[in-house]
Amino acid sequence: MKLTWKIAKWEFTRNFTNKQFLIGLLLTPIIMLLFAGVPQLISKLDKPQQEVFYVIDEISEFGQLVEAATDTNLKFVPYQGEQAELDELVLEEEATGYFILNQAFLKTGQVQVHTAEKKVVFKELQGLLSNLLQGLRVQEIGIKQEQVAYLTSPALLSSVQIGGESNGDQSNRIGVSIALAGIVLFLIFTSGAMLLQSALQEKQDRMAEIILSSVSSDNLMQGKIIGHFLLGISQLVLWLSIGLPAAWYFLDIPIFEMISLGQLPILIFFALTGYLLFAALFVGIGSTMTDMQSASNTQGMVFMLPMLGFIFVGPVISNPNGLAAQIGTFFPLTSPTITILRLGLAEVPTWELVVAAITLLVTTLLVIKAAAKLFRVGMLMYGKSASAAEMWKWMRY
Amino acid sequence: MNNTLDVKNINKTYNGVKVINDISFAVKAGEIMGIMGPNGAGKTTTIRMIMGITAPDQGELHFFLNGESRNRIPQASVGYLPEERGLYKEAKVMEILLFLSGLKGLDKVIARKRIMEWLEKFQLADKANSKVQQLSKGMAQKVQFIASVLHQPALVVLDEPFSGLDPVSQDIFKQEIRQLADEGMSILISSHQMNLVEEICNRIFIINKGEKVLYGPLQDIKAQYGSYQVNIIAEQEIPELTQSPLVQSFQRLGKKWSLVLKDNTAPAKFLATIPPGAPIDELSVARISLHDIFVRIAKGGSSDEINLENR
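Taken in order, these protein sequences are the chains called A and B.
Everything in the first sequence is counted per my numbering, starting at 1 for the first residue and increasing by one.
Everything in the second sequence is counted per my numbering, starting at 1 for the first residue and increasing by one.
Calculated from the structure, these hints are not laboratory results.
Heads up, the beta-carbon is just placed ideally off N, CA and C, and yes, glycines get one too.
Please note that the accuracy of each hint is not assured.
[Said to hold, decoys possible] Stretch-level coverage of chain B by chain A, calculated; a stretch enters the list once three of its residues show a Cβ under 8 Å from a Cβ in chain A: (1) 85-93; (2) 211-223.
[As the list claims (entries may be wrong)] Distance condition first, Cα-Cα at most 27 Å in a straight line; then the derived DSS-like pairs of lysine-lysine: (3) B:Lys28 with B:Lys222; (4) B:Lys89 with A:Lys2; (5) A:Lys19 with B:Lys89; (6) B:Lys18 with A:Lys6; (7) A:Lys384 with B:Lys137; (8) A:Lys6 with B:Lys92; (9) B:Lys89 with B:Lys28; (10) A:Lys2 with A:Lys373; (11) B:Lys18 with A:Lys393.
Let the sequences and hints guide you as you build the complete structure.
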């Protein structure tokens, strides 16, 4: 165990002091902020173009129209002249178009909009004119605006679980559950990628043999897995220590209250075991490759396995205790993320948790054992990537 | 002299091919033992089994180190320079040596002191904080050598330590290896460069196609295989020489005749038998080299095997 820790410490410090890692550590949050912030910034810069319409007003309601368009992108210009000249004016002034408000509009509600270009979306204009028409007809009939509002108000639905939380809390909860499952997946991916890289590097640097003359292959593999786990965790802790208070402060999501302390041990168990499962898988497969380019289809597929959980996310959110959710919980490769997601969404029956935990644990132990066998042979093999048949042979050896 | 390592009847098969066939030898305390053979003979496989990196299918290994007897390699008491050499390119020389000596259980303070002593010995003291990728191949090989002996192991296994080195560095390595043996370290060297190894080894084990060819003290082997070789350039055979009772065997290659003298035959005694006026263009006498012995045996097959272990 002492040797395992020495390897873990070496892997941790070697990577943590590595320029590339540090740059990634600092750049990732910046890039994420950029991705989140830039579109907003661009949307602010790129304000929708103002649409200018000339209006021939034969019913003297232009004032009301302009007032209604105050906060919109619509601009109305009154026109008193010949319609034939207006066609030219619209084209000359590069306006959007023109329309006529007349008695026919009041009667039928129909307006013909003459436009300079073929495609113009009238959504905003239609809303404005509808409101104008409604107002005018209300006046005509002689009922009050308030009465209209009263008549036309829609039914508003909101659900409250008996003895549970309100609607808003629930949507926050879904968000937090997805975030937690996402964090576990992220840890698996980043640490997994680093682990794989590290196993490959060991081979490319021709260091495997010299290390294996001092420690057993099991020690080396365990040390690598632990070292990269710590590396992934410290990366996460740093990012979350910035991200969580930010989410709490800016988005007003009570994240800390969302995670119930009772569930924390279960959450940690699934996250850790899940990490171990994929870490062993990655490092075992990584040791059988020469470099990333030489990965065979089988090897490449293994790196996609953590993505399997995505298949279940939709069905689980819509029905956290449904069949899909149960399958996702029991299947070891999706169990870590799906169980964590479900824990956040609903009450998961204890028997399901127990079955899922045992299945996951047994699978993880078996995978670690198989990975250790692959690692033992794979680390000393240079020049070519192992075929699926070879890997199978090593595992049975 | 006590044995540090006993290799007994080890066998290894890969994919149905027997790559090591019933090999036995020992490394004695404080000696330099050479395991030699052409490329692909099975040297590295044998060494990997000794180092516990792979296990023999059959046979036993016994280690007698620091007063303890074990069947499994006591990794902390053995140093190793593998044939597949490498170092973490991104790491600094001092860091990597501290890490590797740490795995062998060496205290950091002592390690740091020894590292500087070794680096100075190899004139690399100014490279202690350089990254490995900034070192030349020869420099990196010196660092790897330091890593294998830093923890002062009782047994050090050096797989092809001279390959890729220039003659100056080869001399430095030979000198340091000799020095370590004089200090009591048991050393097992593998090499296909027989001339280099025969200069420093006390005993040798020659392997070919996974089988023992020769094993014993170097001097005994040389004595067994005729001490001297006479090389003659002549247009035609001189039967008085080739058929001489002093000659054990001869070989002809064009105009070149190589005559191996029988054991304990003084060259002068043979030279005195050359008939006056013999049609000889050139003549030279040299001690038979290990290389020549090996070539002769390898060509003759395993029936030429000899064991000089107990002589």
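So, going through the hints one by one against the coordinates:
1. Counting residues of the segment 85-93 of chain B whose CB lies closer than 8 Å to any CB of chain A gives 7, which reaches the minimum of 3, so the coverage claim holds.
2. Judged by the Cβ-Cβ criterion of 8 Å, the segment 211-223 of chain B is not covered by chain A as claimed, because only 0 of its residues qualify and three are needed.
3. Pair hint lysine 28 of chain B plus lysine 222 of chain B holds up; C-alpha atoms about 20 Å apart against a cutoff of 27 Å.
4. Among the hinted pairs, lysine 89 of chain B with lysine 2 of chain A is consistent with the structure: their alpha-carbon atoms are about 25 Å apart, no more than 27 Å.
5. Among the hinted pairs, lysine 19 of chain A with lysine 89 of chain B is consistent with the structure: their alpha-carbon atoms are about 14 Å apart, no more than 27 Å.
6. With a C-alpha separation of about 37 Å, the suggested pair lysine 18 of chain B and lysine 6 of chain A falls outside the 27 Å cut-off, and the hint is violated.
7. Between the alpha carbons of lysine 384 of chain A and lysine 137 of chain B the distance comes to roughly 24 Å, so the proposed pair stays at or under 27 Å and holds.
8. Only pairs whose Cα atoms come within 27 Å are accepted, and lysine 6 of chain A paired with lysine 92 of chain B is accepted, the gap being roughly 17 Å.
9. Proposed proximity of lysine 89 of chain B and lysine 28 of chain B is contradicted: the alpha carbons are some 36 Å apart, above 27 Å.
10. A threshold of 27 Å between alpha carbons decides the hint, and for lysine 2 of chain A with lysine 373 of chain A the separation of about 21 Å falls inside it, so the pair holds.
11. Annotation: proposed proximity of lysine 18 of chain B to lysine 393 of chain A holds, straight-line Cα distance about 18 Å (limit 27 Å).
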